[in-house]
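Work out the full structure: start from the sequences and follow the hints.
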Amino acid sequence: MKNQRPAKVLIIIPAYQEEDNIRRVLEDIRAHLPEPDILVINDGSTDRTATRARQAGVKVIDLPFNLGIGAAVQTGFQYAAAHQYTAAIQIDADYQHPAEEAPRLLKTLEDEKADLVIGSRFIAPTGYRGSWLRRLGNLIFQGANALIVGQRIVDNTSGFRAYSERAIAILAQNYLGEYPEPESISYLDASGCRLVEIPVKMRRRSAGSSSITPFKSIYYMVRVLISILSFKKRRPR
Amino acid sequence: MNFVLLKISTLLLSLFLFFWIFSLIRRRRLMEEYSFLWIMIAGVFLGLSFFHPLIDRVAYWLGIDYGPTALFLFFNVVTVFILIHFSIQLSDYKTKKRILAQEVALLRDRVEELSRRTGGPDP
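Protein chains in written order, with my numbering: chain A, 957 to 1193; chain B, 195 to 317.
Simulated from the structure, these hints should not be mistaken for lab results.
Label pairs and their calculated CB-CB ranges:
id: 1; chain 1: B; residue 1: Ser281; chain 2: A; residue 2: Gly1148; range: 27 to 37 angstroms
id: 2; chain 1: B; residue 1: Val272; chain 2: A; residue 2: Leu1095; range: 33 to 43 angstroms
id: 3; chain 1: A; residue 1: Trp1088; chain 2: B; residue 2: Gly257; range: 43 to 53 angstroms
id: 4; chain 1: A; residue 1: Gln1107; chain 2: B; residue 2: Ile282; range: 29 to 39 angstroms
id: 5; chain 1: A; residue 1: Ala963; chain 2: B; residue 2: Val272; range: 51 to 61 angstroms
id: 6; chain 1: B; residue 1: Ile282; chain 2: A; residue 2: Arg1160; range: 39 to 49 angstroms
id: 7; chain 1: A; residue 1: Arg1159; chain 2: B; residue 2: Glu226; range: 49 to 59 angstroms
id: 8; chain 1: B; residue 1: Arg302; chain 2: A; residue 2: Leu1185; range: 33 to 43 angstroms
id: 9; chain 1: A; residue 1: Tyr1175; chain 2: B; residue 2: Arg302; range: 27 to 37 angstroms
id: 10; chain 1: B; residue 1: Leu209; chain 2: A; residue 2: Ala1146; range: 53 to 63 angstroms
Calculated cross-link-like contacts (lysine-lysine; reagent style DSSO-like; alpha-carbon spacing at most 27 angstroms):
id: 11; chain 1: A; residue 1: Lys1172; chain 2: B; residue 2: Lys288
id: 12; chain 1: A; residue 1: Lys1015; chain 2: B; residue 2: Lys290
id: 13; chain 1: A; residue 1: Lys1063; chain 2: A; residue 2: Lys1157
Bear in mind that the values here come from a model prediction, so they are computed numbers and not experimental data.
Quick reminder that beta carbons are idealized off the backbone N, C-alpha and C, glycines included.
Okay, structure coming up:
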């Protein structure tokens, strides 16, 4: 295999208007993952997200205006690919993903020679339920992705993930829409990547608000569904 | 029945469209690429205001009893196609905008990194 270079891991944190959360997210990560480099992609926040991240001493890349989570994460992959990282972990900036679970994502990535490890809320009882709308959405994505992937992925919307060097290269080159989580699963699978899902604990959101409000959820589901079902026609861009 | 009033109002409308579009081009608010489309549409308006029998004939072929309904149908179809065309262009611009923004962000980081390494001015 090609992974003979020493592992070099990048933690990618897409952040938009998270000044209330970013500091404790970074502290949490530092406490449990002292080794990897941390990259915050500031997605055009107008609050003090970027300032607070810089004060915490991590690398920050500022997008000139808000592009959405999909483009923000892709920018992270582009950075990781350009700087020869061998793996990446994606953690949301809203403090819902406990960093203590991240080393397991990374270990699974190595042990199972996987390209994408998804931290799943639903595989085992972990205390997280989410709104009924979110669960419905997940059910729909499960169905859509099952059609294409041929492997049951339970938590298609989880943004708590680890990526291999190969997945990084693919996702750096291909933009998978404004809400990329469900689609990246079918896309990586179609690219011959190995996907693994493991149960993780997640926290409830306490400060700030989710970028996906209940009102927008149905719109979001339909959009992602269209995106998943038509992904084969997409040219890399 | 005499359609004089209708003819005059259609004529005035198409003349207004022409003048508006030309003034937009003159002030460089509209690129020629788009002005062509709108001048064509103004031209169709102008033509139709003079050739009413044509509308009635086409309506008859389509099985539409009332001539102006065919006219509405025609413009609605044209409008839908124009809107789809603009949606395609908008998608294209959004893609290019995203790529530019990402490249600017990554390049800015690179510049800062280089100037730190060479001891240049801190941006």
